[in-house]
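Enquirer: Letter by letter, the chains look like this.
2 protein chains.
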Amino acid sequence: MLDGVKMASRRALKAVLVDLSGTLHVDDTAVPGAQDALHRLRRASLAVKFVTNTTKESKRNLLGRLRGLNFDLQENEIFTSLSAARSLLEKTRLRPLLLVEDGALEDFAGIDTSEPNAVVVGLAPEHFNYQTMNTAFRLVLGGAPLIAIHKARYYKRKDGLALGPGPFVTGLEYATDCQATVVGKPEKTFFTQALADLGCSPDEAVMIGDDARDDVGGAQSTGMLGILVRTGKYRPGDENKVNPAPHLTCDTFPDAVDHILHNLL
Amino acid sequence: MLDGVKMASRRALKAVLVDLSGTLHVDDTAVPGAQDALHRLRRASLAVKFVTNTTKESKRNLLGRLRGLNFDLQENEIFTSLSAARSLLEKTRLRPLLLVEDGALEDFAGIDTSEPNAVVVGLAPEHFNYQTMNTAFRLVLGGAPLIAIHKARYYKRKDGLALGPGPFVTGLEYATDCQATVVGKPEKTFFTQALADLGCSPDEAVMIGDDARDDVGGAQSTGMLGILVRTGKYRPGDENKVNPAPHLTCDTFPDAVDHILHNLL
Numbered sequence: 001m002l003d004g005v006k007m008a009s010r011r012a013l014k015a016v017l018v019d020l021s022g023t024l025h026v027d028d029t030a031v032p033g034a035q036d037a038l039h040r041l042r043r044a045s046l047a048v049k050f051v052t053n054t055t056k057e058s059k060r061n062l063l064g065r066l067r068g069l070n071f072d073l074q075e076n077e078i079f080t081s082l083s084a085a086r087s088l089l090e091k092t093r094l095r096p097l098l099l100v101e102d103g104a105l106e107d108f109a110g111i112d113t114s115e116p117n118a119v120v121v122g123l124a125p126e127h128f129n130y131q132t133m134n135t136a137f138r139l140v141l142g143g144a145p146l147i148a149i150h151k152a153r154y155y156k157r158k159d160g161l162a163l164g165p166g167p168f169v170t171g172l173e174y175a176t177d178c179q180a181t182v183v184g185k186p187e188k189t190f191f192t193q194a195l196a197d198l199g200c201s202p203d204e205a206v207m208i209g210d211d212a213r214d215d216v217g218g219a220q221s222t223g224m225l226g227i228l229v230r231t232g233k234y235r236p237g238d239e240n241k242v243n244p245a246p247h248l249t250c251d252t253f254p255d256a257v258d259h260i261l262h263n264l265l
Numbered sequence: 266m267l268d269g270v271k272m273a274s275r276r277a278l279k280a281v282l283v284d285l286s287g288t289l290h291v292d293d294t295a296v297p298g299a300q301d302a303l304h305r306l307r308r309a310s311l312a313v314k315f316v317t318n319t320t321k322e323s324k325r326n327l328l329g330r331l332r333g334l335n336f337d338l339q340e341n342e343i344f345t346s347l348s349a350a351r352s353l354l355e356k357t358r359l360r361p362l363l364l365v366e367d368g369a370l371e372d373f374a375g376i377d378t379s380e381p382n383a384v385v386v387g388l389a390p391e392h393f394n395y396q397t398m399n400t401a402f403r404l405v406l407g408g409a410p411l412i413a414i415h416k417a418r419y420y421k422r423k424d425g426l427a428l429g430p431g432p433f434v435t436g437l438e439y440a441t442d443c444q445a446t447v448v449g450k451p452e453k454t455f456f457t458q459a460l461a462d463l464g465c466s467p468d469e470a471v472m473i474g475d476d477a478r479d480d481v482g483g484a485q486s487t488g489m490l491g492i493l494v495r496t497g498k499y500r501p502g503d504e505n506k507v508n509p510a511p512h513l514t515c516d517t518f519p520d521a522v523d524h525i526l527h528n529l530l
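Residue numbers (the working numbering), protein chains in the order written: chain A, 1 to 265; chain B, 266 to 530.
No wet-lab data here; the hints were simulated from the structure. One or more hints might be untrue.
Computed, partial: chain B to chain A, Cβ under 10 Å [unchecked claim]: (1) Leu306; (2) Glu380; (3) Asn382; (4) Ala389; (5) Gly431; (6) Tyr499; (7) Arg500.
Simulated restraints, written as ranges between beta carbons of each label pair [to be verified]: (8) A:Tyr155 / B:Lys423: 36 to 42 Å; (9) B:Gln396 / A:Ser221: 45 to 51 Å; (10) B:Glu371 / A:Thr113: 49 to 55 Å; (11) A:Gln179 / B:Arg307: 29 to 35 Å; (12) B:Gly407 / A:Glu90: 41 to 47 Å; (13) A:Arg235 / B:Arg495: 41 to 47 Å; (14) A:Asp27 / B:Glu504: 26 to 32 Å; (15) B:Gly407 / A:Gly199: 26 to 32 Å; (16) B:Gln396 / A:Glu106: 22 to 28 Å; (17) A:Ser114 / B:Asp523: 55 to 61 Å; (18) A:Gln179 / B:Asp293: 34 to 40 Å; (19) B:Glu380 / A:Ser221: 50 to 56 Å.
Which chain B residues stay away from chain A? Per the calculated CB distances, all over 10 Å, these [what the hints assert, rightly or not]: (20) Glu322; (21) Arg360; (22) Asn399; (23) Gly464.
For glycine and all other residues, C-beta sits at the position ideal for the given N, C-alpha and C.
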């Protein structure tokens with residue numbers, strides 16, 4: 001089970017990063033036992049951070065939904081791809097054209113968006129029309145950095161699969177012959193930023209998620225351990241899609257927590 | 266001048282393919298002497314075909330505009346990327362979702378578009394919104410072929426550069442992990458289809474255009490001779506962007522005609 005990542009050289013575990021949708025809950029239902037498993041992590045004095053690739057929900061929204069499912073967490077424990085974009089904008093002092101859904105705008109409160117000199121693309125169906133895409137195109141062609149919240153091809157909606165932000169980012173990359181800076185999972189900087197607040201390094205942390213590439217592959221590329229759970233978007237064989245293999249593949253979040261408490265402390 | 270393509274093995278010249286915008290005319294102005302040069306080609310008993318990558322103008326529209334500039338031509342001498350798409354649809358008996366401008370629809374008259382099982386993408390600003398892109402995405406994901414009129418990144422509009430169909434085609438390719446079939450220039454089949462009606466082979470034909478890659482490179486890849494003119498979108502050095510080099514680079518369409526009449530007959 002511990003073949004994927006060498007354990008000998010690792011430092012003592014301090015933090016656990018946890019994916020939300022598909023890991024703690026699937027749609028509007030909590031994974032059975034997940035709330036209690038979270039408590040057990042906290043009782044073991046492990047720092048916990050919730051990391052998600054959302055492009056449309058503010059932290060406040062996410063917090064409300066998770067508390068509604070009886071999860072015990074604070075807003076400052078949530079780190080999203082929107083947070084990562086905001087952090088990049090603050091660092092670079094760029095003024096973005098924000099192609100994100102209205103529900104996500106509050107996570108950019110206070111960011112100057114006048115006379116944009118950058119383009120930020122999330123999942124924004126109402127902005128994905130020719131005119132707005134053209135405005136973004138001209139900005140990028142004129143030298144404005146193109147920042148992608150993430151590049152997912154599509155996602156699952158109640159009425160079937162629907163386009164993610166990736167195709168629109170890719171279209172702008174093709175038109176302008178440039179590469180977007182991706183800020184969400186599976187980018188290394190996403191994970192290191194999430195850990196930075198906790199003051200711990202990748203070899204003191206483990207990531208739990210249902211996406212082999214975005215969660216496990218991304219985290220392990222930084223030096224963290226990655227645990228893949230067989231809930232949410234997991235499909236048999238997903239554990240073979242990343243190299244090195246996940247540190248562990250197990251059925252659910254509570255199983256992942258059991259493994260951590262029994263084997264990694 | 267004749268270094269680019271070996272002349273010894275070629276058959277007698279029978280046909281000339283001529284690009285429209287940038288070659289015969291620039292915006293609403295004919296290239297000086299172009300109407301007379303066209304007459305000289307016809308008097309030399311050369312078949313002429315007008316080939317263009319338009320994705321939004323019907324043949325009838327193009328004909329009207331060219332006759333308004335005093336060019337002598339017939340509708341059946343025009344071969345466009347829309348014609349190439351129609352030809353592919355007829356051959357494969359596919360029923361397309363047509364993402365083209367309303368002005369181009371008449372070139373698809375009689376094509377069955379009920380219960381689409383193919384997607385055809387031209388430049389269609391009014392269709393490039395999330396909902397229509399999503400409809401196209403689901404069709405392609407379900408196995409419908411994706412057909413691109415062409416994949417231009419952008420084009421020049423009076424108010425500046427504007428997105429072409431390419432970025433939207435590329436977005437759908439990315440989302441569905443498939444490759445579009447491109448029917449316009451510089452695809453080989455575009456040129457061979459244009460010649461097929463004339464009953465002549467590539468080594469009996471020459472192409473004249475202002476786009477080094479789409480006109481000259483595409484035509485020469487089929488075995489035709491390619492002549493690059495320094496009007497329209499030509500920029501100094503364009504002749505170096507294709508390999509083999511153009512058969513000839515000259516100032517204008519009348520100069521290209523002079524060369525053909527004096528050296529290729």
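Enquirer: Each of the hints needs a verdict: does it hold here or not?
Expert: Each hint tested on the structure:
1. Leu306: 37 Å, violated
2. Glu380: 17 Å, violated
3. Asn382: 17 Å, violated
4. Ala389: This interface hint holds because 8 Å falls under the 10 Å limit.
5. Gly431: OK, holds: Gly431 of chain B within 10 Å of chain A, min 6 Å.
6. Tyr499: Hint on Tyr499 of chain B: violated, closest Cβ of chain A at ~20 Å, above 10 Å.
7. Arg500: 16 Å, violated
8. A:Tyr155 / B:Lys423: 36 to 42 Å: At roughly 38 Å between Cβ atoms, Lys423 of chain B and Tyr155 of chain A fall inside 36 to 42 Å, so the hint holds.
9. B:Gln396 / A:Ser221: 45 to 51 Å: Taking Cβ atoms as reference, Gln396 of chain B and Ser221 of chain A lie about 36 Å apart, which means the hint is violated.
10. B:Glu371 / A:Thr113: 49 to 55 Å: Between Glu371 of chain B and Thr113 of chain A, where Cβ atoms are some 43 Å apart, the hint is violated.
11. A:Gln179 / B:Arg307: 29 to 35 Å: 50 Å, violated
12. B:Gly407 / A:Glu90: 41 to 47 Å: This hint holds: roughly 43 Å between Cβ atoms.
13. A:Arg235 / B:Arg495: 41 to 47 Å: 56 Å, violated
14. A:Asp27 / B:Glu504: 26 to 32 Å: 59 Å, violated
15. B:Gly407 / A:Gly199: 26 to 32 Å: Given range 26 to 32 Å: violated, Cβ gap about 49 Å.
16. B:Gln396 / A:Glu106: 22 to 28 Å: Since the Cβ atoms of Gln396 of chain B and Glu106 of chain A sit about 26 Å apart, the hinted range of 22 to 28 Å holds.
17. A:Ser114 / B:Asp523: 55 to 61 Å: For Asp523 of chain B against Ser114 of chain A, whose Cβ atoms are near 56 Å apart, the range 55 to 61 Å holds.
18. A:Gln179 / B:Asp293: 34 to 40 Å: About 38 Å separates the Cβ atoms of Gln179 of chain A and Asp293 of chain B, which means 34 to 40 Å holds.
19. B:Glu380 / A:Ser221: 50 to 56 Å: With Cβ atoms ~45 Å apart, the hint is violated.
20. Glu322: 18 Å, holds
21. Arg360: Since the minimum Cβ distance to chain A is about 21 Å, Arg360 of chain B lies beyond 10 Å and the statement holds.
22. Asn399: 5 Å, violated
23. Gly464: Gly464 of chain B clear of chain A: closest Cβ-Cβ about 38 Å, beyond 10 Å.
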